[in-house]
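Peer 1: So the protein sequences, as listed, match chains G and R.
Taking our numbering, the leading residue of the first sequence gets 1, the next gets one more, and so forth.
Taking our numbering, the leading residue of the second sequence gets 247, the next gets one more, and so forth.
It should be emphasised that the hints constitute simulated quantities derived from the structure, not laboratory data.
Ideal placement from N, C-alpha and C gives every residue a C-beta, glycine not left out.
Fair warning: there could be bad hints in the mix.
[Said to hold, decoys possible] Now the in silico label distances, taken between C-beta atoms and shown as ranges:
#1 R/L301 - G/S64: 41 to 47 Å
#2 G/D187 - R/A325: 29 to 35 Å
#3 R/N262 - G/D77: 23 to 29 Å
#4 G/D118 - R/N262: 55 to 61 Å
#5 R/A340 - G/Q142: 31 to 37 Å
#6 R/L301 - G/A99: 35 to 41 Å
#7 G/A128 - R/L261: 55 to 61 Å
#8 G/S43 - R/L293: 38 to 44 Å
[Unchecked claim] Which stretches of chain G does chain R cover? Using the computed rule of at least three CB atoms under 8 Å from a CB of chain R, they are:
#9 46-57
#10 69-81
[Claimed, not checked] Sample of chain R residues at the chain G side, in silico, Cβ under 8 Å:
#11 L250
#12 S254
#13 D257
#14 L273
#15 G277
Okay, here's what each chain looks like letter by letter:
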Amino acid sequence: MGFEVRVQGVDKRYGGGAGAVAALDGVSFDVRPGAAVAIQGPSGSGKSTLLQVIGAMERADAGSVLVDGREVTAMGDREQAAYRRRIGFVFQRIHLIGALSALDNVLAPLVPFKTDFDRVARARGLLAAVGLRDRERSLLGQLSGGEQQRVAIARALVGAPGLLLADEPTGNLDSSGTEEVVGLLMDLREEHRMTLLIATHDPEVAARCERVVILRDGRAIDEVALGDEGIEGGGLDRFIGLAGPD
Amino acid sequence: MAALAFGSVADVCFLNMRERAGELASLRATGWRARDLRRMVLLEGALTGLVGSGLGGALGVGLAAWIGGRAVAAVGLAAVVAVGGTVAALLACAGPAARVGAVAAPAVLAQE
Numbered sequence: 001m002g003f004e005v006r007v008q009g010v011d012k013r014y015g016g017g018a019g020a021v022a023a024l025d026g027v028s029f030d031v032r033p034g035a036a037v038a039i040q041g042p043s044g045s046g047k048s049t050l051l052q053v054i055g056a057m058e059r060a061d062a063g064s065v066l067v068d069g070r071e072v073t074a075m076g077d078r079e080q081a082a083y084r085r086r087i088g089f090v091f092q093r094i095h096l097i098g099a100l101s102a103l104d105n106v107l108a109p110l111v112p113f114k115t116d117f118d119r120v121a122r123a124r125g126l127l128a129a130v131g132l133r134d135r136e137r138s139l140l141g142q143l144s145g146g147e148q149q150r151v152a153i154a155r156a157l158v159g160a161p162g163l164l165l166a167d168e169p170t171g172n173l174d175s176s177g178t179e180e181v182v183g184l185l186m187d188l189r190e191e192h193r194m195t196l197l198i199a200t201h202d203p204e205v206a207a208r209c210e211r212v213v214i215l216r217d218g219r220a221i222d223e224v225a226l227g228d229e230g231i232e233g234g235g236l237d238r239f240i241g242l243a244g245p246d
Numbered sequence: 247m248a249a250l251a252f253g254s255v256a257d258v259c260f261l262n263m264r265e266r267a268g269e270l271a272s273l274r275a276t277g278w279r280a281r282d283l284r285r286m287v288l289l290e291g292a293l294t295g296l297v298g299s300g301l302g303g304a305l306g307v308g309l310a311a312w313i314g315g316r317a318v319a320a321v322g323l324a325a326v327v328a329v330g331g332t333v334a335a336l337l338a339c340a341g342p343a344a345r346v347g348a349v350a351a352p353a354v355l356a357q358e
């Protein structure tokens, strides 16, 4: 079952004194378990920072982040690392290990830890699920950008996460690669019953989600419900009006 | 000379870590602890030292045999050099490894 996410009044500032920059300013929203929600906004609006706070990669200065009933902002370093093993991250810049094969990259998150399942079988199954069954021994340089992103998605899922955080996962892909990766994320969310949070500046990617939280200058200025099948009702005009060109 | 080599290994180790900051930060994002990252950096340093000093020692033994037929005597010295080189590389990477948490910062994961 996917994790419930509750974000309440989250602030995050970088720097100090007069030069402090508010990356997040009182951001609040809730995500029901298993939902797909987009965080939409232009570059610099705070999308990446928000995902990093939810993913315990950054600490909020104020506010509360409850994931699956646990307060992320109160976790110590060890608790944070354990929590990150229960969620998945996908990034725009893929950050896989170039010297390793696709299979070894998917296995990498598990290397320091004991597991009670057949990790190689799980990694192979995930590579098959993302359409790379025949490429598991390929080095990264032998894979296209879209294929590398699919390896990154398989890696994010190897710990069977209840929450997947995707930060501009299609930012470096062309339109066909974007469609492929977004479709894959949506399918895997249903199959694995995960909650999915996608940070994107692309309204077409956001429109694939059931709800969009719109960020501007670190503030959540609106939320648009798009429905299970995408945009419905009067949401389209409102969504385009809010999320329009950067 | 030994101090210079030690410093060079530490420098290379640190540069290598900086170049791979994205990889390291992404491993952190998957749940690796700072101590796991430190162990990896130290292990890489030790392996690099072992391979480098092992190859150097083997070359030395070969040269000793070719020049003076004293390969057996050189083997002991080569073994000492290999062990010493490995330990020195491990120690040289200790400083950079201690800073891996700062290098693998979340900022490197954000879009550019």
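Peer 1: Within the assertion that chain R covers the stretch 46-57 of chain G, do at least three residues meet a Cβ-to-Cβ distance smaller than 8 Å?
Peer 2: It holds: at least three residues are needed, and the stretch 46-57 of chain G offers 5 whose Cβ sits within less than 8 Å of chain R.
Peer 1: For G/D187 and R/A325, compare the CB-CB distance with the range 29 to 35 Å and indicate the outcome.
Peer 2: Roughly 57 Å apart at Cβ, these two residues miss the hinted range, so it is violated.
Peer 1: Could you tell me whether the CB distance from R/L301 to G/A99 stays inside 35 to 41 Å?
Peer 2: violated, 20 Å
Peer 1: Looking only at beta-carbon atoms, does the pair R/A340, G/Q142 fall within the given range of 31 to 37 Å?
Peer 2: holds, 35 Å
Peer 1: Do three or more residues from the stretch 69-81 of chain G put their C-beta atoms closer than 8 Å to C-beta atoms of chain R?
Peer 2: holds (count 3)
Peer 1: Next item in the hint list is R/G277. Is there a CB on chain G closer than 8 Å to its CB?
Peer 2: R/G277 check passes; min Cβ-Cβ to chain G is 3 Å, inside 8 Å.
Peer 1: Taking the closest Cβ pair, is R/L250 under 8 Å from chain G?
Peer 2: Not OK, violated: R/L250 not within 8 Å of chain G, min 29 Å.
Peer 1: Take the C-beta atom of R/N262 and the C-beta atom of G/D77, compute their distance, and say whether it sits inside 23 to 29 Å.
Peer 2: Distance hint for R/N262, G/D77 holds at roughly 25 Å.
Peer 1: So, R/L273 near chain G? Judge it on the closest CB pair being under 8 Å.
Peer 2: holds, 7 Å
Peer 1: Do R/L301 and G/S64 keep their Cβ atoms within the hinted range of 41 to 47 Å?
Peer 2: This hint is violated: roughly 56 Å between Cβ atoms.
Peer 1: Using Cβ atoms only, decide whether R/D257 comes closer than 8 Å to chain G, and label the hint accordingly.
Peer 2: violated, 21 Å
Peer 1: Please verify that hint: R/S254, Cβ, nearest Cβ of chain G, below 8 Å or not.
Peer 2: violated, 22 Å
Going through the hint list in order, the structure does not satisfy hints 1, 2, 4, 6, 7, 11, 12 and 13.
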